[in-house]
Each structure stands twice: as C-alpha cells, then as structure tokens.
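Undergrad: Working from the sequences, and respecting the hints, build out all of it.
Here the protein sequences come in this chain order: H and S.
Just so we're on the same page, the numbering used here is the position in the first sequence counted from 1, plus 1.
Just so we're on the same page, the numbering used here is the position in the second sequence counted from 1, plus 790.
By construction, these hints were calculated from the structure, which means they are not laboratory data.
Note that the structure is predicted; figures quoted are calculated from it, not measured.
Cβ atoms here follow ideal geometry from the backbone N, Cα and C, with glycine treated the same way.
Treat the hints loosely; a few may be bogus.
[Claimed, not checked] As a list, the in silico DSSO-like pairs of lysine-lysine whose alpha-carbon atoms are at most 27 Å apart:
1) K140/H x K1027/S
2) K140/H x K4/H
3) K70/H x K862/S
4) K144/H x K958/S
5) K897/S x K130/H
6) K144/H x K897/S
7) K799/S x K955/S
8) K70/H x K1027/S
9) K897/S x K875/S
10) K130/H x K92/H
11) K144/H x K900/S
12) K39/H x K29/H
13) K1027/S x K862/S
14) K144/H x K875/S
15) K121/H x K875/S
16) K70/H x K121/H
17) K955/S x K144/H
18) K900/S x K862/S
19) K144/H x K121/H
20) K799/S x K862/S
21) K4/H x K862/S
22) K140/H x K799/S
23) K39/H x K1027/S
24) K70/H x K897/S
[Claimed, not checked] Taking CB as the label site, the calculated pair distances span:
25) S944/S x S126/H: 19 to 27 Å
26) D860/S x G20/H: 27 to 35 Å
27) N879/S x Q79/H: 34 to 42 Å
28) N879/S x K92/H: 28 to 36 Å
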Amino acid sequence: MLKLPLRMEEVLIMFSGQGLREVDIAEKLGVSRQAVNKSLREARARLTRIFLELAEVLNSDIVRINVEKGCMVLRNRQRGVKIYVLYVSGKGPQILLSKDFGHLNVNRVYYERMIEEAVKWGLLSPRVKELGLREALEKLVAKMEE
Amino acid sequence: MVDKCCELKIWPASYVGIPSLLLSAALILFTFSLMFQIYEGTSEHVAFWFPLAGIVLALFSIGRDVTITDGKIVLSYGYPIPAFKLVINDVVQVVDVNNLERGRLFKYFKSQLILITVVIIYPLLYILVKGSLPPIQYLTFFSLPIFVGLALISYFMMTTNSYRKFIKYAGWIMSGVCLVMDFLIGYYYRQLFGRSVTADMHALIPLMIGQVLAITFFVVVTVFRRHVIVLEDSRGKYYAVIATTEEYARQFIGLVVRRVMAHA
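TA: Laid out in structure tokens, this is it:
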C-alpha cells in the first residue's frame, strides 16, 4: 500500500507543516519524546520508500525529493516531462502531470485537496486559498521547482 | 555495505560550513597578499606567508570524495591528503538544482556572495593601498561602479531562475565593473604620479592578476556544465556535491534515496 499509517502522517505533518517541536507533539499525543522521534524517523523512511516505488512505477528519475514537505519532482525517462507529486494524508501520493492542469473543472475536487494538503505541509501559505485554483496550482508547481 | 562515489565522478562542494570558511579565508588571504605585493611597508615574511597560508587553506577546502553507507553520507575534504570529514546522518531532501526550472543555488548557499564581493571590491582596495587615500571626488567615482555592480548582482541573485544564468550575469557584471575600474585607476594613477600605469609593472601586475583569476573562474564555471546536488539534513543544514554529468547526478540521487533516506 502506498500510504503511511495515520499516526505517522499526523506526527510528520505536525513537525514539518505546523513546525511543532518533538516535545510539543509528545505532549499533544500523550507519548514520550523518544517515541515521537522514532515515529518521525520511521515516517520519513517510509515516505521515501513510497516515493521511490512511485518513481519506479512511473518510469521516472527523481529530480527532487523532500520528505519534510511531502513532495517530489520526477522526470519521465521516455517523454522527459516533469511529474509533480504531493503526499495527501489518508490518500497517499497524488500526481500533477503537467503545468496546463487539463480538465481543471472535472478534477476540481482532486486539485483542491492537493492545495489544501500543500498548505498543511507548509509548502504554501494559507493565503493561497484566496487565489483561483489555477493560480494556486501554478504557485504549488513553482514552489516545487524552486 | 559502503559505496565509494568516486567511480561516479562526484565530489563534495565547498559551499557550506568549514570548507566554505576555509575557502573564504583563502580568498581573503590571497587578496591581502596581492595588496602586500604593492604596499611598500610590508615585511618580506608577511608577503611570503600570506599566499602560502591561502594556498594551504584552499587545498584543505577541496572536496575529495563522497562515501555512502547505510544511513549516512560522508563528505571528505582536503588535497593531496584528507584533512577532515563531514557526516550527514538524516537526509530529508535531495535536489538536482540544474534540473529545476527555478533552482537557485543562492537560496541554499548565501555565503557565495563573499567571493563575488571580494572580487568586486578588489580594485578599490588596490587604490587604497597603492596611493594615499584619494580625494573625495575620486573616491565617489571609484565607489560608484562597485556599488552599481553589487546592487545588480544582488538583484540577479534574487530574481534569476537558475544558478547557471546567475553565474553568467554575475560574470558579465564583474567583468564590466573591473573594466570601468581599470580605466578609472589608470586615470587616477596618471594624475597622481604623472605617468601611465602600464609603465609601472610592479603596480600593474597585482591589479591584473586578481581580475584575470576572477574572470577565468567565471569562464570555467560557465563553460563546464556541472550538476549541483543539494542535500538537506533534518536540522535544516544544506550540503552540496558536484557531478560531472547528468547521468552521474541521477545515479547519485538514486543511491542517496535508496541507501540513506529510505533507511530508518
């Protein structure tokens, strides 16, 4: 399964996206700091393996992988096109195939969820929700390309 | 299992931490040693030891090899003998900067600006050492191209969308500033000593050496296409390695992801 256990997702997003310290997370979840630390390490390693598996399935090379921000940029070996991947909690890695965001209205829910997750991971600021969906997606891609 | 990445033609870059400090120190020592060559009150010992210390520091900052073992990357520095090692335990990000559309190396390594600043202010330092302090109108003239150059470089540092483009722009700006400064220095020298600066090789050579070295560096960086791979650890500290080709960069990223990041 290309998904992290829920507790690991929660810990990783609290640490990376919300910028909480390990002690704060431990207090919030009622566990020890060592347990949080172990969970973080395990979550990062598992997320890497998930991304790696996806890169192999998509026959692509990794250009960028950032497990603290839950994102990855790939380049397809045959076509040379870029593929943008964001880990969406509860769903697993989700893909943006190109920069023209075809069928924007058909896939609106899918894209909106990606923007929401990008905010959760701290990739985009919450103010991005004030923008239109296309602009927000362009911002997300630009952030992954920085 | 240990992977020596030297077969991949990959080596550590001196952009961060101790290697960066050593390189900056070497550059400053070189600059001062060139200055001492023209400053008459300098003892021979100082003129000898400064460049020597600069060479030693520069050699210590040279990236030697990269080793990957399960869970960690070891960057080794120093030439011809290994001087020290940097160990990266928990990598959270790997980026091939050359393959990003908006990849800017200066986002990760701001200390690179030291090198450019030293090169740009070199002609001004030269004037201050060679002559007595110039009158205020000359000083304004001399400072103007330098400040314009630094402002332009800072602007491009923030706005260019790739490291290669930035290096190209920075190279052009520096060459332009150096050229303008050379004419200004030549003019000032004639006002001060009543003869052409080209007639005084003792004054001309140190001025030219610094500029020729700087411009050669930028030409080399622009002509040889290297891939810069940035690594970030869980403490938010950045490291860089350089690959000669895209294929080596791709293989190295694959190794790091499999052998370091996927290793809990």
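Undergrad: So, for every hint listed, does it hold in this structure?
TA: Hints, one by one, checked against the model:
no., hint, verdict
1, K140/H x K1027/S, "holds (25 Å)"
2, K140/H x K4/H, "holds (25 Å)"
3, K70/H x K862/S, "holds (21 Å)"
4, K144/H x K958/S, "holds (24 Å)"
5, K897/S x K130/H, "holds (26 Å)"
6, K144/H x K897/S, "holds (12 Å)"
7, K799/S x K955/S, "holds (24 Å)"
8, K70/H x K1027/S, "holds (15 Å)"
9, K897/S x K875/S, "holds (24 Å)"
10, K130/H x K92/H, "holds (21 Å)"
11, K144/H x K900/S, "holds (19 Å)"
12, K39/H x K29/H, "holds (16 Å)"
13, K1027/S x K862/S, "holds (15 Å)"
14, K144/H x K875/S, "violated (32 Å)"
15, K121/H x K875/S, "violated (37 Å)"
16, K70/H x K121/H, "holds (9 Å)"
17, K955/S x K144/H, "holds (19 Å)"
18, K900/S x K862/S, "holds (25 Å)"
19, K144/H x K121/H, "holds (14 Å)"
20, K799/S x K862/S, "holds (19 Å)"
21, K4/H x K862/S, "holds (25 Å)"
22, K140/H x K799/S, "violated (35 Å)"
23, K39/H x K1027/S, "holds (20 Å)"
24, K70/H x K897/S, "holds (17 Å)"
25, S944/S x S126/H: 19 to 27 Å, "holds (25 Å)"
26, D860/S x G20/H: 27 to 35 Å, "holds (30 Å)"
27, N879/S x Q79/H: 34 to 42 Å, "holds (36 Å)"
28, N879/S x K92/H: 28 to 36 Å, "holds (31 Å)"
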